[in-house]
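Chemist: Read off the chains here:
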Amino acid sequence: MIARIGRTTLGILAGLGDFALFTGRCFSAAPSARRPWPRIIRALHEQGAVCLPVILIVGLFTGLVLGLQGFHVLSRFGSEGLLGSLVSLSLVREMAPVLASLMLVGQAGSALAAELGMQRNTEQIVALETMGIDSHGYLVSPRLFSCLLTFPAQTALFVIVGLWGGALSGSLLLGVDSGVYWSAIDRSVEGRDIGECLIKALVFGILAVGICAYQGFHADRDGSAGARGVGAATTRSVVLSSISILIADYVVSSFYV
Amino acid sequence: METRADLLTVEGLRKGFGGRLVLDGVDLRVPRGGIVTVLGPSGAGKSVLLKCLGGVLPADWGRILFDGKPLFPGGKDVRGEFRRKSSFLFQGNALLDSLTALENVCLPLEQTTELPAAEIRRLGLEALGQLEMEAFADQFPSRISGGMQKRLALARAIVTRPELVLFDEPTAGLDPLRRNAVFAMIVKYQRLFRFTALVVTHDVPEALVASDTVALLEGGRIRFEGTPGDFASSSLPVVSGFRDSISGLAATVASIRAD
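Here the protein sequences come in this chain order: U and H. To convert, note that position 210 of the first sequence is 210 in this note's numbering; the numbers rise steadily by one, no gaps. To convert, note that position 11 of the second sequence is 1011 in this note's numbering; the numbers rise steadily by one, no gaps.
I should point out that these hints are in silico values taken from the structure, not numbers from a laboratory. As the structure is a computational prediction, the values presented were derived from the model and not from experiment. Every residue, glycine too, gets a C-beta built ideally from N, C-alpha and C. Please note that the accuracy of each hint is not assured.
[Claimed, not checked] Computed list of lysine to any residue pairs in SDA-like fashion (alpha-carbon distance at most 20 Å, straight line): (1) K1069(H) - S28(U); (2) K1076(H) - V65(U); (3) K1069(H) - T1113(H); (4) K1076(H) - S28(U); (5) K1076(H) - T1113(H).
[Unchecked claim] Facing chain U, according to a computed beta carbon distance under 10 Å, are these residues of chain H, among others: (6) V1056; (7) F1090; (8) E1110; (9) L1166; (10) N1180; (11) A1184.
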């Protein structure tokens, strides 16, 4: 029993170390990557434009629900005027970075893991190495650098759409004065909150893309091969990314509260 | 024993997986120019040998010399030189499916040279033209046939004008006509571009026709190394058992039917 716990713990630590080395290698390979812009633009498209509809929809309905639920809770205390504060702080501090990142993991991250897994499966990654091309720099670095732009941008968009969702449900449908709603937002959200939001988006982006890329890159580990291995890698990438985002959310939040 | 004419020399190569020894002291000489084919039954370790030589898999023990310089165990400089002067053709072609045919061919030039984009494109189109694939330059690999993918993979392999091209089971899964076409393609372009070809396959008749040297890998070691004529006339049991497997099958089937 103790031996098994020890082996499991060592296995987890080894995995974390391997992941850290992988991510570090992908970042360090970036400066020497040749002609990276087509791949960076492709990554911006995959993480940006392709994911935009889901960010807009989820952001809107998150705001709608926050407005709806928030109104009914605050009205018990006669504090409907604080709806804007509730919606904006909930979105900026927690909901937007977490939900936007989870949506990006589900759409772009899983696709990344599957693509890299298939490329591992069909020896495309090995082929790059035989041509003298650093596969980490060629395949992963552009995606890691893109997420430094797309995750904060998508999170910001999520906040904006969410605030309008809150205005739609709280103000238009439930009768909170729109001037009161928007001025509460203006009073409540500080630069520190925006900083927290952006830091979370950056951290979540690196974790999500790094984990999904790592799982896809090593889809043939543990003896798994073929479609089963790719499927398992894709599932692991989404689950581990999601859990990591939530853990990182707590860690980052603890620095701000 | 290595000679000056050898481009690749392998001495005592060993490679195992999970306690199972696949290569158990392989010795092989690949002379510069010409086609060397390594034959062997399925599971003999032919692909493992090629991947160890190509640097895809790290060997466990032994020595590999490339143009007289130590490749394994070796330094970064020799490995870099080997990468620049060699190409590897995978069994499944390993074409990048997110790139067009022309982009696939240009990839090694784009990523490992300082050539301007226009020159890279010109060389890529030239390579496609030489493999009669120019019309498919803008097609993705998934949209072209298996035979064309093989030619495309070869175009990518030769665009850097390598000295050595490693072919991993180039005819796997192909019908006899296509097998002949692939071997003819290897011979044609080896003569045209004067690279040294190292092929692993289990297609005996085609290999004997197309190769300058054949080697038989069996039981983790090279059991025969010589000309196709020597292979065809060898009385070594391990050679005749592999070479004459068709007549062996005929005898087996005849005895089954006689019962």
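Chemist: Failing hints, ascending?
Modeler: 1, 2, 3, 10, 11
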